[in-house]
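2 protein chains.
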Amino acid sequence: METIDAACIDAMAQRYRANFINSLSGYKSANLVGTCNEQQQTNLAIISSVVHIGANPPLMGMIMRPHTVTRDTLGNIKQTGLFTINALPVSHYANGHQTSARYAPEISEFDEAGFTPLWENDFAAPFVAESPLRIALRLEDILPIQANNTELVIGRIELVQVDPAVITEDGTVEIASLDLAAITGLDTYHQASPIAKMAYAKADNPPTPLQLFNADQ
Amino acid sequence: METIDAACIDAMAQRYRANFINSLSGYKSANLVGTCNEQQQTNLAIISSVVHIGANPPLMGMIMRPHTVTRDTLGNIKQTGLFTINALPVSHYANGHQTSARYAPEISEFDEAGFTPLWENDFAAPFVAESPLRIALRLEDILPIQANNTELVIGRIELVQVDPAVITEDGTVEIASLDLAAITGLDTYHQASPIAKMAYAKADNPPTPLQLFNADQ
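For the record, the sequence lines run as chains D and P. The numbering of the first sequence is my numbering, which starts it at 1 and goes up by one. The numbering of the second sequence is my numbering, which starts it at 1 and goes up by one.
Looking at chain D on its own, in the form it has when it is part of the complex:
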């Protein structure tokens, strides 16, 4: 193991440091964030910073950079108060990556990257038809992160679309059954397979699998 200290990180070239630091958070879910402005101009952006905030009330968050390629997404969310999070399937990883290109605001990444906008239940932000796990959120709060001028955008879940066959008895969505992509760093896409579902951990019991999966599945 090599030890890389703060001085060494400071001395890295900008792009090298971006790749290095972005890698340290390991596997991240690949999600497409769908928005539109008040003129219904749609926008789609791949995000790897979606994080669970809480189940009751049902909240999800994501880290946004106001001055980067996702500024249209953030602007739309601030205008309409609505956005969708659509899990990216492995089959569409290259399309998903393409949404990170810098398109002009009047160009829709849905068209350019090959995704189909889907409008549901009068919710005024577009879903992604190709996604097997679609979530509608209403803006709950935006927390400014002063340490680097980013923002934690928090949404409250209004609607979820998923195949009911992948929801297990205990409420868990079997993510592996949906063939979703995971991202590491800024640009590397992965597939994953389950090893084990574990019982709720207790201090006086050893770790106990509820289900073991075949490593080759």
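FYI, nobody ran anything at the bench for these hints, they're computed from the structure. Cβ atoms here follow ideal geometry from the backbone N, Cα and C, with glycine treated the same way. Heads up, none of these hints are tricks.
Some chain P residues flagged as far from chain D (calculated, every beta-carbon gap over 12 angstroms):
#1 E38
#2 Q39
#3 Q40
#4 Q41
#5 R71
#6 G75
#7 K78
#8 Q79
#9 P117
Simulated coverage check for chain D against chain P, where a stretch passes if three residues somewhere in it have a Cβ under 8 angstroms from a Cβ of chain P:
#10 48-60
#11 85-97
#12 135-144
#13 152-161
#14 179-192
#15 195-209
Got chain D sorted already, so can you dock chain P onto it with the hints?
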């Protein structure tokens, strides 16, 4: 696809809803957070909410619940201003899960779950010897999330330990080479394999792989 709306989510039993909503963020990195109090009583907690905040300055965050099993971790971070994030290898997924059991504050999860504390470079929080990717952080900020009384804990990276052979020319850490675990929901552990590393996306180019990986590796 089934549509599950807010009323349906509200009506779920508490545990069912926790499983359901925790699933929606897809693949999450499995990390062990190492801390100690001012008496050097060590604590170790598995966390699936680590998120990249920014590369310059190098910042990582995690969502903490002040009134749950991770309250010792949060208390220690507030006391000492220091913590470590240690990526969980697939080989130790069951041990990692065991750290989520509710142990008394004077019991160290290092001992109970079978991990070895490692002290490095005078940094006053313990690393995990079994982890192939260890990060030391100094508390930068704690942002209260009023929507559900959780907190976004932000740390500034002071030190990283990793095998230099897995750092590529462009600074990326090849996470797949480290055999790290990913989590879905509250209790399911996964392994992952890379599909493709993509070139920086450009509006006037189609998506371009820089490297394609063997699906069976």
